[in-house]
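Reconstruct the complex from the two isolated chains, following the hints.
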Amino acid sequence: MTDDADSKGTTTADGFRVLWVGVKREPRVFIVATLGAVLFGVLTVADAWVLGWSTQHVLIPAFDTGEIGTDLLVWVFVLFMSVAILRAIGIVARRLGGGIMYYRMQSHTRRGVTRQYLALPMEWHQRHPTGQLLSNAYSDVEAAWSPIMPLPMALGTVVMMVVAVAQMFVADVVMAIVGLLVFPAVVVANLLYQRYASPLMTRAQGLRAEVSEIAHESFDGAMVVKTLGREVEETDRFRAKAQELRDVNIRAGRIRAVFDPALASLPGLGVLVVLAVGVSRVSSGATSAGDVVTIAYLLTIVSFPIRAIGWLLGEFPRSVVGYRRAKAVLDATGAMSFGPDELPRTDAGALLQVEDLHYSYDPDNPLLRGLDLEVKPGRTVALVGATASGKSTLTSLLSRLVDPDAGAIRLDGRDLRTLRKGELPRDVALVPQTAFMFDDTVRGNVTLGADVPDEEVWSALRTSQADGFVAALPDGLDTKLGERGTSLSGGQRQRLSLARALVRRPRLLILDDATSAVDPEVEARILASLRDDVHGAAASLLVVAYRKATISLADEVAHLEGGRIVGRGTHAELLESSPAYAHLVNAYEVDPEGSSVDAGRDNA
Amino acid sequence: MSTTAPAATAGTKMDSGEDIGAIATIRLGMKYSPELREGIGLTMLFAIISSCGQIVVPIAVQQTLDRGLNAPGGPRLDYVAWMGVLAAVAIGLTSWASYAMTTRLFTTSEHGLATLRTKAFRHVHDLPLLTQNTERRGALVSRVTTDVDQVSQFLVFGGLIFVVSIGQMLVATVLMLVYSWELAAVVWLAFLPLFLSIRWFQKKLSAAYTVVRHQVGVLLGAISEPVVGAAVVRSYGVEDRTQARIDTAIQDWQNAYTHAQTYTVTSFSLGGLSAGLANAGVIIIGVLLGFTGDMTPGKVLAFAFLVSLFVGPVQMGTQILTDAQNAISSWRRVLGILETPADLIDPGPDGEVLPRGPIDVRFADVTFNYPDGPPVLREVDLAIDAGTRVAIVGETGSGKSTFAKLLTRLMDPVDGAVLLDGVDVRRIEPRSLRRSVVLVPQEGFLFDDTIAANVRYGRLEASEAEIRESATQLGIDDWLDGLPRGLHTQVGQRGESMSAGERQLVALLRAHLADPDLLVLDEATSAVDPALEMQIGRALERLMQSRTSVTIAHRLSTAEGADEVIVVDKGRVVQRGPHSVLVTQEGSVYAGLHASWIAQHSQV
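Protein sequence lines correspond, in order, to chains R and X.
The first sequence begins at 1 in UniProt numbering and counts up one residue at a time.
The second sequence begins at 1 in UniProt numbering and counts up one residue at a time.
These are calculated hints, taken from the structure and not from any lab test.
You may find that some hints are simply not true.
[As the list claims (entries may be wrong)] Only some residues are given here: those of chain X computed to face chain R with a beta carbon under 8 Å:
id: 1; residue: V61
id: 2; residue: Y99
id: 3; residue: T107
id: 4; residue: H125
id: 5; residue: V141
id: 6; residue: T146
id: 7; residue: D149
id: 8; residue: Y257
id: 9; residue: T258
id: 10; residue: V265
id: 11; residue: G272
id: 12; residue: R356
id: 13; residue: G357
id: 14; residue: P358
id: 15; residue: T396
id: 16; residue: A531
[Stated by the list, open to error] Pairwise CB distance ranges, derived in the manner of DEER restraints:
id: 17; chain 1: R; residue 1: W53; chain 2: X; residue 2: L175; range: 23 to 33 Å
id: 18; chain 1: R; residue 1: H358; chain 2: X; residue 2: A453; range: 25 to 35 Å
id: 19; chain 1: X; residue 1: A465; chain 2: R; residue 2: K376; range: 29 to 39 Å
id: 20; chain 1: X; residue 1: I598; chain 2: R; residue 2: A580; range: 19 to 29 Å
id: 21; chain 1: X; residue 1: S588; chain 2: R; residue 2: L575; range: 31 to 41 Å
id: 22; chain 1: X; residue 1: P347; chain 2: R; residue 2: A528; range: 46 to 56 Å
id: 23; chain 1: X; residue 1: L483; chain 2: R; residue 2: G334; range: 25 to 35 Å
id: 24; chain 1: X; residue 1: P347; chain 2: R; residue 2: D364; range: 49 to 59 Å
id: 25; chain 1: R; residue 1: E455; chain 2: X; residue 2: D247; range: 41 to 51 Å
id: 26; chain 1: R; residue 1: P363; chain 2: X; residue 2: L483; range: 49 to 59 Å
Since the structure is predicted, the reported quantities are computational estimates derived from the model, not experimental observations.
Positions of the beta carbon are idealized from the N, C-alpha and C atoms, including for glycine.
Just chain X, same shape as in the assembly (with noise of 0.2 Å):
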């Protein structure tokens, strides 16, 4: 667990959850799944009346065999009914509980556990970005996936059979003390090797089921990757580097699954060599008590029947909690997301909403590093109007692209302050500044679904009739209309199945619904064709009338047409100006930039 203060500056690693102890991590669970606790009492006298029903169903049937058709004089009929007819109400009594029990458990369990999913996949969307990307995908997934069904085994067919067992043990316990406290002891000192080992085998199978817990997550990175990487494992043919890889993943798997059960098999049969020596010692220090004391051959069988009482529970027990460790370890990384800070701090019910209408930005003193990195950006101070339409250039590296994600709190300063509207964005309300500010990536993923649902993450309430509206604002509704299903086709998964520039237009559609006031654009590269990239030109310049535009532009025509030219080199803003003024500062870095561009450009 994390104990140190968020810095001003994104995490990078994922807690793993691995410090996390076994009996903290239940805590931990229930707090962020308050469900389980829900009527936890009534569900533990079911239990208890379940577990009782299993000792006093076969008592109930040998009383009857013993008292009533074995009774001295012939059977008795009467007493054989009538226990009959108890025995039958304790089996429905005894099930009915057990049924209630379960019931109680899954319900219990599976809404706790919908509550934990649900809560870690938000908590992974409000970490930063720079946490999200330091893990695999496939292990983001299987935390919120194959981890939690894990403990779901646990939580129905473990948790509270254990505390019963434990109560089961005590009363044994007792009912031993007072048959004889001299044998009693003799049970607990056979069983004393076992309990003292368990400490020392959760240890061990904890970390044995860590293990295996990381395996899974590195088995499912290693079989994402002929899934996502199809058409490059395909095309250079690496099938069978590719599948030696996940050969080892899955090897690695086995054995720590193999080793893991190593662990839970040894411990689980010491116990059964305990019950061996607390049978013997009973049956030997019996004999012997016999001769001093007041112990009688009855006493001793008695005893031996205890001691069954006993050993069962103690089995079961150090089953669930052998079994457990997979489970815990499972929660502990499901938890761990959730112990991982989100460094933006959310300004709460304090924050201040932004007023509509076109922002003015300001960054005082601005310096950003990656942790441990050298600065990106040092000491930034500039000012951009209302309304007018920046454009920041510099080459690959120069730290461009980082006023992007200061701007949209993507990340915050390390130092110094990105206002909008004089108001800090740290203390902006979060719903206010994604309503304000929105960011057009560099690359416009889209979601598995059709035109009009990926551009209704914009405005979620837009009608089929505003999204035309909007398209026929920005210029791009005959593209629309020339689509075979218009609004409503396919764009297959991350868009794939439209070209990079469609997917642009659909961004930026998306982006025009959304109606901000500041309009950060991540400039897209990739060369479309140019009737295209006209179409996308002119719908951009639509999109930034009347708002507050920063353009981190990749295309020296873009900042031709910005009212201002932001240059920076090596993290400093070093000219600004309109692109006519800055084009002649011979020797500038804008001069220079200008130049190369030109060259390549030209024609040949």
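Isolated chain R (complex conformation) (with noise of 0.2 Å):
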């Protein structure tokens, strides 16, 4: 999701655009921050002039004259000690100026990464891998911003370089000349560490984000990698990605060792060539010594400055690498529109029609093609269909979480890509398969957040059977899961997960296999309910399903066979119009008499 091709020569100007992205967004605080280190800069210079006028009227005539007035001794004091508070109200603006634009430039860019993670359609998800996402909000956010920290010095101390750099001029032409080859020296040193460290830099952050990737993944898979004995082996695959980071890292930490001397040794260097030069020139009679030993006083006082430049541009290539990966995120598009069309409000279960409906992952293959399907008001529907027949998939679409190819899926007559924002979830529940939970409360899992009775929440558990569970927890609704708590089961989050959808009333319920970890018991149970429940309420209902129990539920059940519907009826008429529906229903058919698992393969 980088692009390396642009990384040569141009990082050192993309990182200045980088910090202006920076500067024009907190202008404030960065202007708080380059004051403190100007006020900084001119204090440390005030410290040596305080010096002198001490030496000057205090020191050497009380040495001289064997007596001291106190009031001077108490300026001595005064002096020192206002440069030193307001050299430490520079500090303090300087550096806290500094992190607090570091941290809320981190901030704004996290807010918006994250919220393209949530505009952006479910294709995109499914195309990059959580570990990477993660890092991408993370890691290369901050990477992005670390230049700010040393920016404000290197800011402030430029004020001490102008006025050094004037009076080299004031002094000697020539040799202020010969000194300052140390500025277009310094940025020949920096391009060749921008283009060294560059692609390193790059690598690296890409290796942060792999490294992410593979501890998300096995520590989600934490269960196999035990039970089977795995955690050599996982740890290899970590470790290679590890040392690979390392070894990495270790390359950029060696060109950062030549680097980071060679820009401090650099006006040393300067100081020498003056001096050889002003050397020459004294002999001539073309300068004095004094301005000799002026330029080179000044062009050390210079490599203070050249010091923060140099801290400020070190941090630029991981800036610019940072900034390009979570700028990617940015950058994506294809967020999905919305219409101004609203849902009738009403209590009454919605009418769904989905018509000539087309939708394939992969263009040559393609999953539904031409599907027809229609679930009146209040009716049950199940749609029964062999794995990978697209069932899920359909479900997707009428939730929205994708958008058809071609064709059209209607809720009350209107097509559910001219709905308003909001919508549709208002109306439609869908319950996956894999149930998802927040980081929240049951309460919060359940509600969301909406504001909704606990008496609704409590019915809504019944409906579900997970009101016993739930009452049996040492918080009750308020117990936190996925933290540091309460683990639930496959089937109690699956149960919390019905509990969700059912809490919102919806007009539209859809189930994919939502029940499917609960015990079949337990499922006989939630299904009795369900259906008072949702007739009750008139919603209508589509489930898909497998198990006759679920079927017997249903009003109707659609055949979805080679990406269409291809039979409805009831189940009994279907078993008896349909061979293909006959033969996956009871391709697996439970004797109550007692015959074994073989007894149904030989029905097969």
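Following this line, the structure appears as structure tokens:
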């Protein structure tokens, strides 16, 4: 997702461009921090001046005359302390300002990146691993803004540098020019550094994401790793990436190790060159020894700003790389568009119509080809089809997680794509096969922040047969899930996930095999209470089902095969009219009289 | 740090490392990353040379100017030339020493940290499942990613420089004492408040940065919600709420950092005040000493120069100390993982190796409860003969899944023992246990790779031909051949490109390749299409051949097919025998389960 192509030579410019974004965004903090740095720079010079003043007006006269007025000593104290206090204020403004700006910019970018995570379509998410997205939002953002900390200092010292350079020209133009050769040297050193360091930094940020990916996945699959005793191999997989990152970091470090002392020694070398030139000029009478001394001293003063700028530039490669990676998320397009339409405000079940629906993940192998389906208000339709026939895809299309390639889905006569944002989730609830729990309380996981009285939460929990175990949790509805607390079984999670849908009183409820991890016994109870509940509220229900108990709950069965609905009717009707359906549903038949699985195989 | 003896049950809390002191952290860090000590003496030498250079070079330049250029009677060319050469050599030596130091620091720290990262990663896998589940995934990942990165900054740019700074400070103190013990005392007195405040600041900073690191974990957890729960967030239209939660986490993170930065800045600026106090004090006391003793203006000025030699390292040291707190907090969190006991004690080299061939199983008076929880299993005593096929049934919450976890040693019993072939599982060598006993969990987690790579988790060296052979034996070769890319089909993140049923098939294939002697099956309850379910049933049947198998059955049909059924109720074994016998025991738990199963599965 990063483009490595344009990293040559432009890093410095890009680095400043990134900083400019930050300055424009937080101008006030930036100004405070920079003024603090200027204050610091000025007072560093003032410190030397106070020492000089004290020497001249206090120290030497005192020793000469053998007496001293108390007021003068007070002055010495006051002057030193005022400079120290002002300098401390400068430091606070510079460092606190720099810090605040750094943290704020990270926050701005993170808000932007996470908004994108929420806005971008599901297809985008399916293409990007979790670990990478976490890395984009955290470590890339951190890297992007890392030059902000040294920025005020670097700018503050520029003032120091300008004053010094001006004085150099006043002293002797030729030697000033010779001395200032230090600057092009700094630029060249920096360009070389960027050139060699940038690719390594790019690689390192990429590897950080990969390390994070492996850790995320491996911890996710901890159960498999543990039960198959694959800890060693997983560790090897992680170690390989960690070591690759280590080696890249070491190579980058080696370049930094060349750059830092090179930059630090440039002013010293400059002084030596000035001395060489100066001595010959003094010998030829072109200049005075005093001017050489002045320029040499001024050059040493310049060395500090150069260091500060070096610290800034040293952060650029990492910053530019991090910014590019975060920007790739910020610039990703494909957010879902919404229309102006609203759904009728009613409690009645919704009418769902699907017309000539086409959808494919892989253009050569379309999954849905011209699917038609209707769920009348208040009716229950069971969707039956073989594995990988596209049932789950259909449920994501119906809840508009993805949009169809062609055809239309209408709710109460309105195409889903013309609905206003928020309309669909208000009336349609999808309960997926894998339940996702938020890092929140049981109540928060059921209500998702909606203002729902506890009785309704309990009622939904009752319907989904979750009231029993929730009541037994240490803090009941207020029990925190997901962190340092209770971990729930798959079945319990599914029941909470179902309650989450029920509590919203949807007008269309879509269950995508949503009770798969629940014991059949419990499932039977859920289905029974769901039927009462749903029918009581007259919601429409579409349920992906295999078990006959589930199918038997439906008013109508739709048989999905080859990307179309090939049969519709009651279970009995379909059994009779469609051999394919009969084959699918009866392939595994439970005989109440106790025949084994083998008997089932014989029927197939 | 936990000092309690490992209990028989799994611990439930990850050590946050918060109780480890700063020095202890570094010592512990060194213990886990021995590379950090490597060649530290030589590195220190380079550090000293390079920091001496920072003082020597300006002095050399100054001497050249004073004695060479400004020499009485015109510039002394030979002196200038010699000193110039000397200064150039000093610059070269210093730069080289600095390069050598930085390179060595990068090399040892990155090696040490890669080791730390890997060890921590491995230790997460060694922790009991229960402990793993108590941490947010994002937070756990952050401990092996961003936390480690943070330590690296400190190790390269902090640790050693700090030691050198203290050295410089001591040298400067000795020099000051030689010049004038009275003035040296003045300087130390001026800095005393700073030194005394350091402890207090360290405590505050440590607390502040512990909050920071905690907030980083919270932030990563919040960011992972819209990524991992992308579908749920969209289908329930809770983007705004999710964003609000992320924004809160971002704001809390920012506040935590700003708070910590405030302490850093205050502590650092105090150093400046002390320096002002010291300078003023030296002049004032110097003057006063001049009246009584042998103080001269030259001596006072020379002393003022020594003060600057003292102040520099003090400020550098304070800065490192404050910046270090962030790194130390991160380090602590990583070390916290390693200090969390892996409660399941590895028997080490004395571990017994199980012979190959079907295993007999015995539960000897096994009692189990989760920490602070009610008993899940109570004094269960039972034996399972080698080569038999056993189904364990019971209501949700009866404790039946605990059997699987104890058999595969995901947890250890609180009381009693689980014996395989007469050997306590706690005494079996882990590799041997994992080879002989394989658990097929309810939800087959797959890694984001090909089917082939996923099944190789069962047997690493399995060739493609062997995998095919396994598939043929399980009767799922036609399913495999039906996939677009066969064994090379990518399964997607967490296996989500495949249906639940297909994931199960991969998990079974994986188990078959592992070729266990005891197969523990937590039966998948997810409903798959009957044809596929048939295929799974058949594959299972074959997988169980000529091994001992224990199935945690959710379907009574599975129990029907077993040699023996064990019925669990409220943590006790209440019935045992073949299905045909149990089902006739009227009023029994099994008869009840059977009746409700029949009711659900009979045709309506």
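So, going through the hints one by one against the coordinates:
| no. | hint | in the structure |
| --- | --- | --- |
| 1 | V61 | 5 Å, holds |
| 2 | Y99 | 5 Å, holds |
| 3 | T107 | 5 Å, holds |
| 4 | H125 | 4 Å, holds |
| 5 | V141 | 5 Å, holds |
| 6 | T146 | 6 Å, holds |
| 7 | D149 | 7 Å, holds |
| 8 | Y257 | 5 Å, holds |
| 9 | T258 | 6 Å, holds |
| 10 | V265 | 5 Å, holds |
| 11 | G272 | 5 Å, holds |
| 12 | R356 | 15 Å, violated |
| 13 | G357 | 19 Å, violated |
| 14 | P358 | 19 Å, violated |
| 15 | T396 | 5 Å, holds |
| 16 | A531 | 4 Å, holds |
| 17 | R:W53 / X:L175: 23 to 33 Å | 25 Å, holds |
| 18 | R:H358 / X:A453: 25 to 35 Å | 33 Å, holds |
| 19 | X:A465 / R:K376: 29 to 39 Å | 54 Å, violated |
| 20 | X:I598 / R:A580: 19 to 29 Å | 27 Å, holds |
| 21 | X:S588 / R:L575: 31 to 41 Å | 35 Å, holds |
| 22 | X:P347 / R:A528: 46 to 56 Å | 50 Å, holds |
| 23 | X:L483 / R:G334: 25 to 35 Å | 29 Å, holds |
| 24 | X:P347 / R:D364: 49 to 59 Å | 54 Å, holds |
| 25 | R:E455 / X:D247: 41 to 51 Å | 31 Å, violated |
| 26 | R:P363 / X:L483: 49 to 59 Å | 18 Å, violated |
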